Each structure stands twice: as C-alpha cells, then as structure tokens.
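> Read off the chains here:
2 protein chains.
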Amino acid sequence: MSDNHVLWKNLGMDLETHDLLCEALPQAFGDVYLSQEHRPERMDYFNMVVADIHGIRPAELVKFQEKGGKVVGSFCIHVPDEVVLAAGAIATGLCSGSQFWVPGGEKVLPTATCPLIKASLGARFDRTCPFFRICDLFVGETTCDGKKKAWEILSEDAPMYIMDIPQMKRDEDFLKWEKEIKFYMKKLEELTGNTITEEKLHDAILTSNNKRRALQRLNSFRKLDNVPISGRDSLLIHQIAFYDDPKRFAQMLNTLCDELEERAKNEFSVYKKGTKRILLTGTPLSIPNWKLHQIIETSGGAVVCEEMCTGIRYSEALVNEEKGSLDEMVKNLSDRYLGNIHCACFTPNRARVDDIIRLAQEYKVDGVIDVNLKFCNIYDTEGYFVEKAMREAGIPCIGIETDYTDEDAEQLKTRIGAFIEMLQ
Amino acid sequence: MSDNHVLWKNLGMDLETHDLLCEALPQAFGDVYLSQEHRPERMDYFNMVVADIHGIRPAELVKFQEKGGKVVGSFCIHVPDEVVLAAGAIATGLCSGSQFWVPGGEKVLPTATCPLIKASLGARFDRTCPFFRICDLFVGETTCDGKKKAWEILSEDAPMYIMDIPQMKRDEDFLKWEKEIKFYMKKLEELTGNTITEEKLHDAILTSNNKRRALQRLNSFRKLDNVPISGRDSLLIHQIAFYDDPKRFAQMLNTLCDELEERAKNEFSVYKKGTKRILLTGTPLSIPNWKLHQIIETSGGAVVCEEMCTGIRYSEALVNEEKGSLDEMVKNLSDRYLGNIHCACFTPNRARVDDIIRLAQEYKVDGVIDVNLKFCNIYDTEGYFVEKAMREAGIPCIGIETDYTDEDAEQLKTRIGAFIEMLQ
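Listed in order, the protein sequences are those of chains A and B. Residues in the first sequence are numbered from 1 upward in steps of one, following this note's numbering. Residues in the second sequence are numbered from 1 upward in steps of one, following this note's numbering.
Please keep in mind that the hints were generated in silico from the structure rather than gathered at the bench. None of these values were measured; they are calculated from a predicted model. Incorrect hints may have been included.
When chains are identical, the list treats them as one kind, so a pair holds in a single copy or across two.
[To be verified] Once the Cα atoms are required to be at most 25 Å apart in a straight line, the calculated PhoX-like pairs of lysine-lysine come out as:
| no. | residue 1 | residue 2 |
| --- | --- | --- |
| 1 | K331 | K200 |
| 2 | K107 | K388 |
| 3 | K169 | K179 |
| 4 | K70 | K9 |
| 5 | K179 | K331 |
| 6 | K374 | K107 |
| 7 | K67 | K331 |
| 8 | K169 | K186 |
| 9 | K331 | K186 |
| 10 | K200 | K179 |
| 11 | K67 | K186 |
With the sequences and hints as input, model every part of the structure.
Structural data, given as structure tokens:
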C-alpha cells in the first residue's frame, strides 16, 4: 500500500472508488496542460501540487492535526481566511469541480442544483476526497439558495458552521457582516482553544494580502499585448490558491512571476499573433474544471481575465493593512469582503457589470464570455444585465451554460469557435 | 366597449391578448368548481369575485386611486399588510398562478426559474393583468434567489421597493426584521403622505387578525370527520384573501362559515365515505392554480389542509393585539411575520417539518403530498427533510413536482391516484 493509500485509509475514504478518480486525473491534466507549448518552467511547482493534489497537501494537514492543529474548510470567497489564520488554524477551500462527485450529490439533492454544490456534497458523502474527510469544521454560507439548503443536509454528516451573508450592501449590511465575522472569530477561538489577538489578526491580514498581491502580479502580465502565460495556467494557479499554504504559495507564485517578468521584457507571448483576448465572467471554475479554458484556448482564443471567484474577485481587492483594534480590523475585513466582492447573490449588483466593463478595457479584451453553471439561478438571471451592458458598451458577448460533464463539449466548441471567429 | 374594457384600456393593457385569458378562465373555473356537488350556497360571493376577477376589484382600486389613494402590491406573505393599511393604502397580492403569463416572463428570465416568478414578470411586461398595471408600488423581497434577482429586472419597468428578509431566525434576525419593517413604514409614509400612528397601526393589526380569524374558522371545519366544504373551495377562498378588501372578505367568509356550522351540526360532508384525507405541503398555489386540488379531489382524495403560503402559513398565527407604542407593535409584527412563517427560505427550518406533523394529526390526514413548483430549489431541497420526517412519523408521503402547464396532468393523475389507493 502506497503512503497515500495509508493516508486515505486512515481518513476513512472509499479507496476503491477514489482510485478511479486518481486514474482519470493524470489523463485530463495531460490533455489540458502538458499539451501546451511554451509553458513557463516554474509552473513545475504547480504541476507537482496538482499531480498529487490528494496526497501532498492532505498529508501536511493531517500532520498539523496530529500536533493539535485544526483545519477549517470553506466554500466561498466571502468567508475570511484571515480569521482562520489568526486563530492558528489552517484554511482550505472545498469547492469541487469534477463530475466524478456529482452523482453522489444527486442522491440527496435535487437534480436541478448546480454541479458545484452537488459535487461538494458527493465528495463528502461518498468519502472520495481527503479534504472533505480532514476538515475539523466546514464553514458554509447563505450566498445562494442551493448552498444554503444543501448545508442543512451536509450538516447531518459533517460538523458545520454557517455564516449569514447579507443580501444587500447598505450601511446596516456592513455592520451585520462585521457582527457575523465576530461570531465566526468566537467559533474559531472555541474550536482551536486559541485567542485571536490584534497581533495575530494583523499578521493574518498581511499574509492573505501578500497572497493576493502575488495573484495581482500574475494577472498584471495578462494585461500585456504579449501574454507570457496561458489562461489555463493562470486558472490552475488561482485554483491552487484555495488549497495551498498561503506563504509558500505566494513565494512560489512570485518566483514564477520573476520568470514572467523576463518573458515580458523580451515581449514573449505564449499565444500566436491574432489570438483573440477573452474575458470570462460568471460562476466559479473549481479544480479540476478546466473545460472552458481548454475549449477557448484551442479555438483561437486566449483567456486573459476571469471576472470570477476563481479569478479577479478573489485577488483584486486588498484588506486595509493599518494595524488597529480588533474592532477596527474587523471593520476593514467587512469593508473588503462585503464591499469588494460583487457576487450575483447581492441585489442590486450593478458593480459587477461595471467591473466587467472596466476589466474588459484593462485587459484589452476582444470579447466577453458569460459562463453559467447549469441551475445557478442568480448568475443566470444576472446575465440579462451583463449582456445588456455589453451591448451598450459595444463589447461582443455571448452567454454559455454548461456543467461538469463532457456531453456539451462539441456543441460548446462550435459556439465558442464561431464567436471567436467573428471577433475583429 | 364593455366597462371592463374601458378600464383595461385606461390602464394601458394589451386588450387583444388579455381577451384570450378572459375567454379561457370561465371554462377552467367551470371544470374545476361548478362541476362540484354540494357546494355551500354562500360560495356565491367568492364565485362572483373570481368570475370578474379582473373587473370588480381593479375598478375599486382605480376608484380609490382617483380619490388620491395608493395601491401597494406584494408577492410574499412575509410582507406585512398591516403597514400598508396603517398608511391608509390598499394592499393587494400579485402572485400569478397561470401558464398564460409564463412565456412573457421567459423573455427576460432563465427558463430554469419557477413558474410563479416567470408569470409575475410576464403579467407586467405583457400588460395582461390589471393588478400589475394599477399598483403604485411593487414590494419585492429577498426570500429566494429567483425572486431577489427577478425584482431587479422588474424594477426596469415598475416602481419597486425591496424588503430584505433574514435567512435565519436568531435574535439578531428578529431585530433586523423590525428594522426592515420600520424602513417599509417610512417608505409608505412617503408614498401616501400619511403618518402611521399607533392608533392606525393597531387598527390595521385588528383588521388583519380578523381576516386571519375568519380563515382559521374556515379551516377548523376541515378538521371535522365530516368535512362540509371541499379543498377546492377552501383554496379559492385563501387565494381571494390576497386580493379582496380585508373587512368585506372577513365578513363574507364568516357568513359562509355560519352555513358550514349548520352543515357541521348535521354532520354533512361534501365527500363520500372513505375519501382519503390529504395534507398538501410545499410551494404556494396562486390563483388560478387549482390543478393539484382538482386532481386529488377527483382521484378519491380530499384536501383538508394546505401547509402553504396559500393556506396555514398565511392565517394560522395572529399578531399580538395589545396596543402599545409603534416600536412595541413593530416588534409584535416582527415576531409574527418572522417567527411564525416557516418558509423553506430559512436555514435551518425544522419548525416547518414539525408543523406538518402537528397538522397531519390535527386534520387527521391519511397522507401528505409534498408539492414543488419546478425550479423552486429551496422547497425541492427541503423535501429531503420532509420526506424523511414523514417516514419516521409513519405518515405516507409522496413528493410531486409540477408547473403551470397541463402537460403532466395525466402523469400526476396516475401517480396521485396510485398514492391515494394505497392509503389505508
């Protein structure tokens, strides 16, 4: 039995079923990633992380737990990692991006639920993901109907805590969010036995901001006329950001960015001349969901920006770094986490449309693709405003709905290929 | 041109399309209602109201507006009518229950949206419902994703105000709801130019409670072994409760209840012996959605209780009637409107399951049908808990999903027929 298998067995996983996933992943990764030309050398670190995604990092987390540490999983970029770090715990993302987990979710959830939510519950109930076995606490939120109600079912099997995210962004909603963050701090103090001090919360803010700065640096290269890294690689890095140790991640990403800086000096592009620059907007693309990037980048397009949770929304805004009282720093967290993330769960959400228009200019995009994960009602409905605003701004835009299966791949290739072809 | 046509024309309605609806309704009403045997005589009032549903009441509302009055429409039983009444305005329901309006909604909303929401937007955008033309203010809420985002689109065409409904029922959520009610009061004072006084709010609480009491009285007869009124007629009365003048409605319903009291004394039942008693739970049945009641009551069943917004949730709990300061009475409204309505929009929502079990006993039901309007994610997901709890309580239960079309009628008849047949 391999070390990984021992680890997974100790976590109570369904080894036989999980092996099927382990067998499929290298092929998928090879097709999408290793087939690319001109990849930066320092993608090696990220390749390694994803190649053993259920081994290396889970083993670290278990080791941390053996020393008494706690691991906290979450499903949404509104949940502030800073609080987890400040309590001396490790934060990890839990969103699931593979069809492999969907049927398990469908055993307990309506079919008409988005694949991300179904996969998340399937990963837990089927015991086929180590992260879903390891976490000492699962932090859900009330962002959308699907998640809000799914957490009730997940809580039958996993230790859950729910943060109630405001649905608007009025002054009273910011105050409410501060309160929720304080409840969350208390919960984590209870979980870890540690006290969250000003010092620790301030350190955590700096650590998280440094991770964001590294992602911002990565994205800055994607604004160049000659883009030195592919959309696929950029997406992978954003996805890994949710799982990796934040300090190591920032360091490795900065090392990669040094390489990209060299490329930029030499005006080196991974894309052929005439490749169309695409901004993706919409629902998140959780690991290993690389489907759309792969289709776009093999159809004459380059994804240069993701106005998504797995993209700009995660990294663009920093938390104010001024050191203050706990109250003041919580206010700064509330301002950033509520004020600067323009999820379709808010009403109204005009700021998202404004963001797309701004990003389309900054990243000099030729076209916008508005992606919706099937049965995500909030992004689907908001598509009305996105597509209207793009028409008014004269930015070509198409709306795409997809899920985690490969069934629509050919159809998407045709539609996206036609869209890119008509871009000037 | 008939008086009604003049009224509708003045309201800017699409007369030609609306005439198609007017032509279809009498047939539908005849099939479901006039075909019944043993209807109480005093259903005549309610028959009249529905026979001219787009004429009589709209004409009253317009007359009220001509004298400077304001009409406020809402879509959810969490929105307190008392505030509207206290401001001297008229409150009217706006939920739409006909497939006629759905295609109009689908022009602006995702197909994967529940028919109630699609019909509501269609009724406005297609200009085929007088209530959707008359209202001076449309009050939406953040109960579910579909509505929350649909209101943004509706607000492009109609004057909207949004109440932010809490997603949980903790102490702080009750305080939040009090605040939202106070915002709403302010909005209505601005709209009407009237001040909401203690006296007026107290009167409004009494008026609304009296309407609820009349509905409670109606429902009390449905607990009897010999049920003197059909589920179809009871549903119609509940549906009309949202549109009619509250004082007149209570008076007419009490008059009907006097007749039912006579019937009860004589142990008169509208049902044949051996008819199975059914409790319906789930999503609301807006007028003229009579489909399920019709199928059940022509398949050997009697609907004796609706654990629905068009049912128990609307009428069962009263607002505390103690006269107090505005703050105190708003607290009473918050307690009732947040504390006593167990919509699936809340997390967790165990109280709803407890209600179903309690109601199943009180109404001596033989079986429970859990109804979901297609694409209503919150009730669909909560079905997991409903069906589990019914299994545990030994109450036969089936889950049904349907929409406003007639396409599934035959399939539903077969499933519901088989379910009723197997009840002992």
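> Let me make sure I understand: some of the numbered hints might not hold for this structure. Which ones are they, in numerical order?
Violated: hint 7 alone.
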